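Student: Sequence:
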Amino acid sequence: MGGRLAGDPGVGLKRFSIDSRSIRPGALFFAIRGDRFDGHDFVSAAVEAGASGVVVSRPAGVEVSFSILVEDTTRALQDLARHVRRLSGSKVVAITGSAGKTTTKEA
Numbered sequence: 001m002g003g004r005l006a007g008d009p010g011v012g013l014k015r016f017s018i019d020s021r022s023i024r025p026g027a028l029f030f031a032i033r034g035d036r037f038d039g040h041d042f043v044s045a046a047v048e049a050g051a052s053g054v055v056v057s058r059p060a061g062v063e064v065s066f067s068i069l070v071e072d073t074t075r076a077l078q079d080l081a082r083h084v085r086r087l088s089g090s091k092v093v094a095i096t097g098s099a100g101k102t103t104t105k106e107a
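Residue numbers are given in my numbering: position 18 of the sequence shown equals residue 18, and the series is strictly consecutive.
Hints are computed from structural coordinates only; laboratory data are not their basis. Treat each hint with caution, since some may be false.
[Unchecked claim] Simulated restraints on C-beta separations:
(1) Thr96 x Pro59: 39 to 45 Å
(2) Ala94 x Gly7: 35 to 41 Å
(3) Asp8 x Ala99: 49 to 55 Å
(4) Val11 x Ser98: 42 to 48 Å
(5) His83 x Pro25: 31 to 37 Å
Since the model is a prediction, treat every value here as computed from it, not as a measurement. The beta carbon of each residue, even a glycine, is placed where N, CA and C say it ideally should be.
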């Protein structure tokens, strides 16, 4: 994931999220910039909800146990997801194509 760490990296993490409304204590919040919203605008809400840490592409501006400053928060989340998937040892199956998925799901 890379980036610059500030704060206490020994904080235990239980989950991660990109939605400040779903944050629970022990979560790592990724401030993702999208077309309509910028997750950096919700860092304070995530911390107030109990986020243990934040991953941001600009300084968090709030007191938090730890933060990781990265160039691209979306890329950092992708890197973390790739790492977790590899650690799990689970097989990944993709259902692709342009026809049949919805009707199969509904059956």
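Student: Next step is simple, just say for each hint if it's right about the structure.
Tutor: Going down the list of hints, with the structure as the test:
{"no.": "1", "hint": "Thr96 x Pro59: 39 to 45 Å", "verdict": "holds (40 Å)"}
{"no.": "2", "hint": "Ala94 x Gly7: 35 to 41 Å", "verdict": "holds (37 Å)"}
{"no.": "3", "hint": "Asp8 x Ala99: 49 to 55 Å", "verdict": "holds (51 Å)"}
{"no.": "4", "hint": "Val11 x Ser98: 42 to 48 Å", "verdict": "holds (44 Å)"}
{"no.": "5", "hint": "His83 x Pro25: 31 to 37 Å", "verdict": "violated (23 Å)"}
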